[in-house]
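Read top to bottom, the protein sequences are chains F and E.
Position one of the first sequence corresponds to residue 11 (the working numbering), numbered consecutively onward.
Position one of the second sequence corresponds to residue 4 (the working numbering), numbered consecutively onward.
Mixed in with the good hints, there may be bad ones.
So these bits of chain F aren't anywhere near chain E, every CB distance computed over 12 Å [as the list claims (entries may be wrong)]:
no.	residue
1	Asp15
2	Ala77
3	Leu90
4	Gln119
5	Asp249
6	Thr254
7	Pro261
8	Ile312
9	Arg356
10	Pro434
11	Ala463
Examples of chain E residues toward chain F, derived with CB under 7 Å [to be verified]:
no.	residue
12	Leu60
13	Arg90
14	Ser105
15	Phe284
16	Asp320
17	Phe321
Just so you know, the hints here were simulated from the structure itself, not pulled from any lab data.
Owing to the predicted nature of the structure, the values given are computational and were not obtained by experimental measurement.
Built from N, CA and C at the ideal position, the CB exists for glycine as well.
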Amino acid sequence: MRPTDLTIAEGLAALERRELSALEWTRACLEAIERLNPRLNAFITVTAEQAIAAARASDARRARGEAGPLEGVPLAIKDLFCTEGVRTTAASRMLEGFVPPYESTVTAQLKRDGAVFLGKANLDEFAMGSSNLTSAFGGVENPWKRADAPELRLVPGGSSGGSAAAVAARLAPGATGTDTGGSIRQPAAFCGIAGIKPTYGRCSRYGIVAFASSLDQAGPFARTVEDCAILLRSMSGHDPKDSTSADRPVPDFRAAVSRGVKGLRIGVPREYRVEGMPAEIEALWRQGLAWLRDAGAEIVEISLPHTRHALPTYYVVAPAEASSNLARYDGVRYGLRVAQQGDHLRALYEATRAEGFGREVQRRILIGTYVLSAGYYDAYYLKAQKVRALIARDFAEAWKTVDAIVTPTAPSAAFAEGEKQDDPVAMYLNDIFTVTANLAGLPGISVPAGLDAKGLPLGLQVIGRPFDEEGVLAVGGAIERAAGFRAAPEVRA
Amino acid sequence: MSYVIEGTTGPWEVVIGLEVHAQVLSRAKLFSGAPTAFGAEPNSQVSFVDAGFPGMLPVINRECVAQAVRTGLGLNAEIHLWSRFDRKNYFYADLPQGYQISQYAYPIVGRGSVEIELSDGTRRKVGITRLHLEQDAGKSLHDQHPTKSFIDLNRSGVALMEIVSEPDMRSPEEAGAYLAKLRQILRYLGTCDGNMEEGSLRADVNVSVRRPGEGFRTRCEVKNVNSIRFVMQAVEAEARRQIEVWEQGGTVEQETRLFDTARGLTRSMRSKEDAHDYRYFPDPDLPPLVLDAAWVEGLRAALPELPDARRARYMRDFGLSAYDAGVLTAEREIADYFEAVAAGRDPKQAANWVMGDLFAALNRTKRDIIDPPVSAADLGALLDLMADGTLSGKLAKEVFEAMVDTGRPPAAIVEERGLRQVTDAGAIEAAVEAVLAANADKVAEYRAGKEKLFGFFVGQVMKAMAGKGNPALVNEALRRRLGRPEV
Chain F
11 MRPTDLTIAE GLAALERREL SALEWTRACL EAIERLNPRL NAFITVTAEQ
61 AIAAARASDA RRARGEAGPL EGVPLAIKDL FCTEGVRTTA ASRMLEGFVP
111 PYESTVTAQL KRDGAVFLGK ANLDEFAMGS SNLTSAFGGV ENPWKRADAP
161 ELRLVPGGSS GGSAAAVAAR LAPGATGTDT GGSIRQPAAF CGIAGIKPTY
211 GRCSRYGIVA FASSLDQAGP FARTVEDCAI LLRSMSGHDP KDSTSADRPV
261 PDFRAAVSRG VKGLRIGVPR EYRVEGMPAE IEALWRQGLA WLRDAGAEIV
311 EISLPHTRHA LPTYYVVAPA EASSNLARYD GVRYGLRVAQ QGDHLRALYE
361 ATRAEGFGRE VQRRILIGTY VLSAGYYDAY YLKAQKVRAL IARDFAEAWK
411 TVDAIVTPTA PSAAFAEGEK QDDPVAMYLN DIFTVTANLA GLPGISVPAG
461 LDAKGLPLGL QVIGRPFDEE GVLAVGGAIE RAAGFRAAPE VRA
Chain E
4 MSYVIEGTTG PWEVVIGLEV HAQVLSRAKL FSGAPTAFGA EPNSQVSFVD
54 AGFPGMLPVI NRECVAQAVR TGLGLNAEIH LWSRFDRKNY FYADLPQGYQ
104 ISQYAYPIVG RGSVEIELSD GTRRKVGITR LHLEQDAGKS LHDQHPTKSF
154 IDLNRSGVAL MEIVSEPDMR SPEEAGAYLA KLRQILRYLG TCDGNMEEGS
204 LRADVNVSVR RPGEGFRTRC EVKNVNSIRF VMQAVEAEAR RQIEVWEQGG
254 TVEQETRLFD TARGLTRSMR SKEDAHDYRY FPDPDLPPLV LDAAWVEGLR
304 AALPELPDAR RARYMRDFGL SAYDAGVLTA EREIADYFEA VAAGRDPKQA
354 ANWVMGDLFA ALNRTKRDII DPPVSAADLG ALLDLMADGT LSGKLAKEVF
404 EAMVDTGRPP AAIVEERGLR QVTDAGAIEA AVEAVLAANA DKVAEYRAGK
454 EKLFGFFVGQ VMKAMAGKGN PALVNEALRR RLGRPEV
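Bound-form chain F, shown alone:
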């Protein structure tokens, strides 16, 4: 088997048996990146030299018997995680040349456990988008092709589009992502791979360029649920440098994947049957529930009555926080500065921010500034916070009767570049099934469950109780086993 086809679990086993070295695995990935990244644009920065050096060091550690849990696993890192000494752009011109002098906690933990970083993956600018098209470094091509129109460039989803495309195209066996409204789960679904957003607070946000602080959460991508579990364990844990990180033990997520669903009660929210959802997705959803029933779970219809308010609530809360979080990009201390000699401070701000931020980021900063303004705060921000509490309460009610909730991940398969670009609201609808988990802080996974008639992958989402990633992984694992998803994208190593 070629190293690029290995899952993380397989690769770790091969490393353990000395059938593969970290250097071989890393080289295979780097070669695939060299060959395919010019087309896919999944990476903004490739750190080949550092990766080779890290892989050699990893092999040396393994030889000394000091192998960590991720020893020698090559990974793509979403370019929103600050990496010490390696340019971190957030896919924005604003941070085009920014080299952080510090490492994010999540990436530091991955390194601690032996992972090898291949480079920094493309994303929507400041993680704002569902297509990866807002990146200042260009869009990412989804490695999957529509059977009826193989010439079309499809989007990988977003915002973690580069991470998802890299894993799907076998440029890396795993990747990090962040998920504020669906930015892990939707691209995972569009690219036919697995991706989990853990409970808010499970992974430290320290060193991750902030989009919306109360919603942002890091998580892994991989081609299997088990691989996601392996990565998540290294990424998780309490961090005193993040006041919102949860001080609770990190369980053995990997063990949960094969636990099965016998006796579990699976909720199906009736409000998620939205108008205009393709029949294929509806059918796949029913199929997924049937698989779980066959595996011993009980399917229960539930109600999450405030679901229809989730998207507008999200698009008030997230831009509000973003408008404040992005105020620091002002051209004064680091990053882009656009100014003429003799300009006043205000001219420096205006020129820097007009040139440094793309249109979608500017749109969200304006929306966020508006909803926090005097006279509008109560009607928008405060109201949204109240609705957010109601949405969380809907879930809390549901957990009294069910153990997990299963929904489609996204209302469509991957779309083509240009298809939704002129209508921001149509674009925002991509997040309709995913934002609720962010608003309520719940763990959610997307698992590839089948292909649509045009040969594009579709995902199912499992949402669980707070800090019950194990339950989510167990249900996701059961869907994965039943679906037997083996399809691979057109473009791959």
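Add chain E to chain F, keeping to what the hints say.
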């Protein structure tokens, strides 16, 4: 006795409220581990959090919270066990995050009060509305380069307490007394060093005027006044300006003003229309601040005795006058010094020495009570030497001066200079004998009834003994030898 300004159309009353920014005394900043020392090289005390780098997050400094709670307790205020940090959003070059983390809607400390005393002895309470924690901004330096502004972020993220009073003050004197009292309490608590020159304590002064008996009129805020004297001057200047506006038929507009200390006038900084929309909202990086009631009680139990209580105790237990007790409790360090001297000794005598000789010595040597030329233990030992008769009061003064000059303990000076007072009855008798013999005429006058000559004989004997005669023994010997004057 209320303060009134006579305008051309009648009397005006002044209404004053203060917002005081007090820098929390702590080693580290409010949300980062960076140090807070004053006067360091520019940008040498800045963490990536303070500089607003991408992905950096605030983590609350527990000691700063404790200091705010201690201050709240010292102001007899409610401590809110649940409070919250908000972001105050505005752009400025020395505000790296583009927002200040503050407590807008839910401050850590609620209502309290401070009692002030005026020069005529009247006492009144000034209400405290709230106290909240917030970060300081950095500093813009516009005078370092002809075309550039420089930014120093050393102060960025330093913890401040904003202490807001009720509009309870009615005269410049009351405003000054309130700020002085607040400063005294903060220094007693050790929660702020109160150093106004270094900017550790600064006041925004809200002033309005009204006709006696009226409700409140529009107020103006005079920003960043940095001494007690300037606060009093700013109140008067602003009140007179507003009176003139009203009396000329105008309307006072709500605005922010600055006090020009050189000209003694306030001038407009920005009007209400130009006021920022700060877009306050809860900081999503920080969970609500929840305090444990037992922890607060622990802080309460460990609170030092505050100036009012200490002053009352000095009057009650030591029999000191209100004035003396006030002087001795003005600063915690003075009171501590005094109590160390007074312990086990005569408190009135200790008070006299501290306020008299010690204060004079501090002035003369330009040292302060933190670093006095004579330690409290040495001064106490000097008092002991007087009590046991080793030194007379006069000798003690001489020894004290030598202590100031040399820094040596009194016993050593007494030994070295042979200043021990003479208590040998024989030597005293001999000196008395000699003085009486040399002044036979005066002895006769005394015996004839000129009683006040007694002091003359005492002086002559002491002089003969080079000041070392034990005054009590000299008196006794003289009385015995002179007998009672005939009346």
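Each hint tested on the structure:
1. Remark: the non-interface label on Asp15/F is consistent with the geometry, its nearest Cβ contact in chain E lying 34 Å away (cut-off 12 Å).
2. At the 12 Å boundary, the C-beta of Ala77/F stays outside the reach of chain E, the nearest C-beta of that chain being 29 Å off.
3. Not every CB of chain E lies more than 12 Å from the CB of Leu90/F, the least distance being 8 Å, so the non-interface label is violated.
4. The Cβ of Gln119/F lies farther than 12 Å from every Cβ of chain E, with a closest approach of about 15 Å, so its non-interface assignment holds.
5. Listed as a non-interface residue, Asp249/F fails to keep its Cβ farther than 12 Å from every Cβ of chain E; the least gap is roughly 9 Å.
6. Its closest Cβ contact with chain E, about 6 Å, brings Thr254/F to no more than 12 Å, contrary to its assignment away from the interface.
7. The claim that Pro261/F is not at the interface with chain E holds, since no C-beta of that chain comes within 12 Å of its own (minimum 23 Å).
8. Distance check for Ile312/F against chain E: the nearest CB is about 29 Å away, which clears 12 Å, and the non-interface claim stands.
9. The claim that Arg356/F lies off the interface is violated: its Cβ sits roughly 8 Å from the closest Cβ of chain E, which falls inside the 12 Å cut-off.
10. Residue-level check passed: Pro434/F sits 22 Å from the nearest beta carbon of chain E, beyond 12 Å.
11. Under the 12 Å C-beta cut-off, the non-interface status given to Ala463/F relative to chain E holds; the minimum distance is some 42 Å.
12. For Leu60/E, the shortest C-beta to C-beta distance to chain F is roughly 5 Å, which falls under 7 Å, so the interface hint holds.
13. The beta carbon of Arg90/E is positioned within 7 Å of a beta carbon in chain F (closest approach about 5 Å), and the interface hint is therefore held.
14. Nearest Cβ of chain F to the Cβ of Ser105/E: about 13 Å, over the 7 Å cut. The hint is violated.
15. Below 7 Å, beta-carbon pairs count as interface contacts, and Phe284/E has one with chain F at about 6 Å; its hint therefore holds.
16. Annotation: interface hint on Asp320/E violated; nearest CB of chain F at approximately 48 Å, more than 7 Å.
17. Among the interface hints, the one on Phe321/E is violated; its C-beta lies about 49 Å from the nearest C-beta in chain F, farther than the 7 Å criterion.
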